[in-house]
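Enquirer: What follows is the residue order along each chain.
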Amino acid sequence: MTFGQALLEALESLSGNKLRSGLTVLGIVIGVAAVIAMLAVGNGAQASITGSISSIGTNLLFVFRGSADGPQGPGGGNRSGNNDRPLTLADAEAIDDPFAAPSVESVAPVIQGNGVLAFGGENSTTTISGVTPDYSMVRNLEMSEGEFINQEHILGRMSVVVLGPEAADTIFGRHDGVVGETIRIEGQPFRVIGVLVARGGGAFGSEDGEAYIPFTTAQARLIKRGSPDQIDILFVQATSAESVPQASDEIANILRQRHRTPIGDDDFTVFTQQDFLQTFEAITGVLTIFLGGIAGISLLVGGIGIMNIMLVSVTERTREIGLRKALGARKKDILLQFLTESSLLSLIGGIIGILFGWLIAFVVGKVATATGNNFVPIVGTDAIVLSTSFSAIIGLFFGIYPASRAASLEPVEALRYE
Amino acid sequence: MDWVIEARDLVKTYKMGEVLVEALRGVSFNIRRGEVVSIMGPSGSGKSTMMNTLGCLDRPTAGEYILDGESVASLNDDQLASVRNRKIGFVFQSFNLLSRQTAITNVELPLRYSGMNDGRRARAMEALQAVGLGDRMTHRPYELSGGQQQRVAVARAIVNNPAIIMADEPTGNLDSKVGKEIMNLLLNLNKELGTTLIIVTHDPTIAEQTQRVIRLRDGLLESSGEQLEGMKQ
Numbered sequence: 000m001t002f003g004q005a006l007l008e009a010l011e012s013l014s015g016n017k018l019r020s021g022l023t024v025l026g027i028v029i030g031v032a033a034v035i036a037m038l039a040v041g042n043g044a045q046a047s048i049t050g051s052i053s054s055i056g057t058n059l060l061f062v063f064r065g066s067a068d069g070p071q072g073p074g075g076g077n078r079s080g081n082n083d084r085p086l087t088l089a090d091a092e093a094i095d096d097p098f099a100a101p102s103v104e105s106v107a108p109v110i111q112g113n114g115v116l117a118f119g120g121e122n123s124t125t126t127i128s129g130v131t132p133d134y135s136m137v138r139n140l141e142m143s144e145g146e147f148i149n150q151e152h153i154l155g156r157m158s159v160v161v162l163g164p165e166a167a168d169t170i171f172g173r174h175d176g177v178v179g180e181t182i183r184i185e186g187q188p189f190r191v192i193g194v195l196v197a198r199g200g201g202a203f204g205s206e207d208g209e210a211y212i213p214f215t216t217a218q219a220r221l222i223k224r225g226s227p228d229q230i231d232i233l234f235v236q237a238t239s240a241e242s243v244p245q246a247s248d249e250i251a252n253i254l255r256q257r258h259r260t261p262i263g264d265d266d267f268t269v270f271t272q273q274d275f276l277q278t279f280e281a282i283t284g285v286l287t288i289f290l291g292g293i294a295g296i297s298l299l300v301g302g303i304g305i306m307n308i309m310l311v312s313v314t315e316r317t318r319e320i321g322l323r324k325a326l327g328a329r330k331k332d333i334l335l336q337f338l339t340e341s342s343l344l345s346l347i348g349g350i351i352g353i354l355f356g357w358l359i360a361f362v363v364g365k366v367a368t369a370t371g372n373n374f375v376p377i378v379g380t381d382a383i384v385l386s387t388s389f390s391a392i393i394g395l396f397f398g399i400y401p402a403s404r405a406a407s408l409e410p411v412e413a414l415r416y417e
Numbered sequence: 000m001d002w003v004i005e006a007r008d009l010v011k012t013y014k015m016g017e018v019l020v021e022a023l024r025g026v027s028f029n030i031r032r033g034e035v036v037s038i039m040g041p042s043g044s045g046k047s048t049m050m051n052t053l054g055c056l057d058r059p060t061a062g063e064y065i066l067d068g069e070s071v072a073s074l075n076d077d078q079l080a081s082v083r084n085r086k087i088g089f090v091f092q093s094f095n096l097l098s099r100q101t102a103i104t105n106v107e108l109p110l111r112y113s114g115m116n117d118g119r120r121a122r123a124m125e126a127l128q129a130v131g132l133g134d135r136m137t138h139r140p141y142e143l144s145g146g147q148q149q150r151v152a153v154a155r156a157i158v159n160n161p162a163i164i165m166a167d168e169p170t171g172n173l174d175s176k177v178g179k180e181i182m183n184l185l186l187n188l189n190k191e192l193g194t195t196l197i198i199v200t201h202d203p204t205i206a207e208q209t210q211r212v213i214r215l216r217d218g219l220l221e222s223s224g225e226q227l228e229g230m231k232q
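If you read the sequences in order, they're chains W and E. Residues in the first sequence are numbered consecutively from 0, following numbering that gives the first Met the number 0. Residues in the second sequence are numbered consecutively from 0, following numbering that gives the first Met the number 0.
What the hints contain is simulated information worked out from the structure, not anything from laboratory work. Note that this is a predicted model, so its numbers are computed, not measured. Just to be clear, a hint being listed does not mean it is correct.
Which stretches of chain W does chain E cover? Using the computed rule of at least three CB atoms under 8 Å from a CB of chain E, they are [to be verified]:
| id | region |
| --- | --- |
| 1 | 11–19 |
| 2 | 261–273 |
| 3 | 323–330 |
FRET-style restraints, in silico, Cβ to Cβ [stated by the list, open to error]:
| id | chain 1 | residue 1 | chain 2 | residue 2 | range |
| --- | --- | --- | --- | --- | --- |
| 4 | W | Ser407 | E | Glu63 | 22 to 30 Å |
| 5 | E | Glu142 | W | Phe361 | 40 to 48 Å |
| 6 | W | Leu6 | E | Pro41 | 16 to 24 Å |
Straight-line C-alpha distance at most 20 Å; calculated DMTMM-like pairs for lysine to aspartate or glutamate [what the hints assert, rightly or not]:
| id | chain 1 | residue 1 | chain 2 | residue 2 |
| --- | --- | --- | --- | --- |
| 7 | E | Lys176 | E | Glu125 |
| 8 | E | Lys179 | E | Glu207 |
| 9 | W | Lys17 | E | Glu207 |
| 10 | W | Lys331 | E | Glu207 |
| 11 | E | Lys14 | W | Glu412 |
| 12 | W | Lys330 | E | Asp77 |
| 13 | E | Lys14 | W | Glu409 |
| 14 | W | Lys330 | E | Glu207 |
| 15 | W | Lys331 | E | Asp57 |
| 16 | W | Lys331 | E | Asp76 |
Note that the Cβ used here is the ideal one computed from N, Cα and C, for glycine as well.
Using the sequences and the hints, build the whole thing.
Expert: This is the structure in structure tokens:
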């Protein structure tokens, strides 16, 4: 008996009991669809996060207050530690020294707080960042109109503001032709001098909705801190992507000296973009494996369903098996027949499951886009190959026991079976 | 003599739970090529065991069995399957057709297992025509009467040109008129093709139509019917 004939017979036999075959296939469909969809969502999340981190710029470093290894955890810069010295403008200036830190291109100290923007009847609460002119260069900001904060604004502690496009949309209903308007921030009048180009999501979420004012203005009037020249976060640009690790070391040395902390007991954290990437890749990697694992369990359950049905089928068809043996079927003929049936079940389930999983991933992507998240699930060939081969193996594995039971039936016994 | 079956001291014992059953206790007989033989005996006489052994569905515990010149008593399962496929055609009381398959596919089944690929359909058609069902080839078993189903089974039995046809109560599930038709069909095929016909039955009217009757009782040969042969011919 050739494989083609076995396939044909298996198809006939499966279509002879459509409801049962359908329900058995459903188990595999759900399993494979779950694996495909979960891996797609996991991969999509990873790609979306790494993409937005990369868009920040590859030679960027962040310096926070507080130790990454300490009880506050990473990113604890905005919270005040017990004995951690805050970062100050003097720290920023020291890092900006080209002799002490040759790998550092420029430094942008930032002080951040929340405030209410108001224009006409519209108002909204957003993040207000006090920044220096270097901030624009360090963060690669582009202006859609107007200009960024310059040294004059800093020295004069002027009441000017640069808006993110979303922030402009929120209070003006548009983001062009707003330069020259005067808005109120926490009740104080500020003149709009520029609007930024939209950038989408970033490592800290979207920054398109923020407002930027001169550092000195923020310090003096809007964002009060314990000590007058305290800063919240320091953005540092390295001279090149290759010099990022070196810059990180230089910054750490300067801050250790200035804060008089021993090595290993830092009260600050230098975070590079590479660190972000690695951290998020580790997180999404674990997430993907976790989701895929759970989906894999449902595939296993589907496989057990196949085995169950094949065992029932072997029992039901004992007489048929006996007859086939009487007519000259060898062990391997019967084995092939039942293995073909079980593999076919799981293969059909696998194919439908791939399509179904693809559909789920597609819908998830649509929903994410509709709700404003820049997130596209990725159905990788690896996921397809993985789940197809896994389901075929499951069909074979869970088919082997029933098939070998069928093949080893004694013809005399099988023919006598009622 | 041209023997198609030579059985020497066939013994078959098997365990049913703890009890050892001696189904055959040393049976010897020969069957000539082309002969029509019936095997009779009350239930428990070893009739079924004899048919399973002669049909190569089972191996004897002891003794020698030569089928069509081939010693088959000690073959393994797959070799036995091959012998069944090439040398034996089975006709069962309950037809045993594959219910989802058409008549012609049912008849083709032994050819599939013999590895024949070309001309399978043509051979199956010939066999169906030989049993008078040339016009029912694409019907499925449930679309056929009992007699027609048994004819399909007979076609399946002769499709491989076997040395012997083993018929186990071939008319048991049919009314007497249709039963007679099936018997005539089998006897005609024996005449035309020269195929040895062995019928296991408990029906004396069937046995009367055969050339010789082998009677079993308690696992032993009661009579091999050799004397009957002389009377009939």
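Enquirer: Verify the proposed pairing of lysine 14 of chain E with glutamate 409 of chain W, using a straight-line Cα cut of 20 Å.
Expert: Satisfied, since the Cα-Cα distance of roughly 15 Å is no more than 20 Å.
Enquirer: Can you take a look at whether the region 323–330 of chain W is actually covered by chain E? Rule is 3+ residues, C-beta closer than 8 Å.
Expert: holds (count 8)
Enquirer: Would you check the hint for lysine 17 of chain W and glutamate 207 of chain E, treating anything up to 20 Å between C-alpha atoms as holding?
Expert: violated (48 Å)
Enquirer: For a C-alpha distance cap of 20 Å, please report whether lysine 176 of chain E and glutamate 125 of chain E respect it.
Expert: violated (25 Å)
Enquirer: Can the restraint linking lysine 331 of chain W and aspartate 76 of chain E be considered satisfied, given a maximum Cα separation of 20 Å?
Expert: holds (11 Å)
Enquirer: For a C-alpha distance cap of 20 Å, please report whether lysine 330 of chain W and aspartate 77 of chain E respect it.
Expert: holds (7 Å)
Enquirer: Are lysine 331 of chain W and aspartate 57 of chain E close enough, with their CA atoms no more than 20 Å apart?
Expert: holds (18 Å)
Enquirer: Quick check on a hinted range of 22 to 30 Å for serine 407 of chain W and glutamate 63 of chain E, using CB atoms only.
Expert: Holds, since serine 407 of chain W and glutamate 63 of chain E (Cβ atoms, about 27 Å apart) stay within the stated range.
Enquirer: State, for the Cβ atoms of leucine 6 of chain W and proline 41 of chain E, whether the hinted interval 16 to 24 Å holds or is violated.
Expert: violated (47 Å)
Enquirer: Three residues or more, CB to CB closer than 8 Å: is that satisfied between the region 11–19 of chain W and chain E?
Expert: holds (count 3)
Enquirer: Does glutamate 207 of chain E lie within 20 Å of lysine 331 of chain W when you go C-alpha to C-alpha?
Expert: Not satisfied, since the Cα-Cα distance of roughly 42 Å exceeds 20 Å.
Enquirer: So if I understand the rule, the pair passes when the alpha-carbon distance is 20 Å or less; does lysine 179 of chain E with glutamate 207 of chain E pass?
Expert: holds (12 Å)
The structure shown violates the earlier hints numbered 2, 6, 7, 9, 10, 14.
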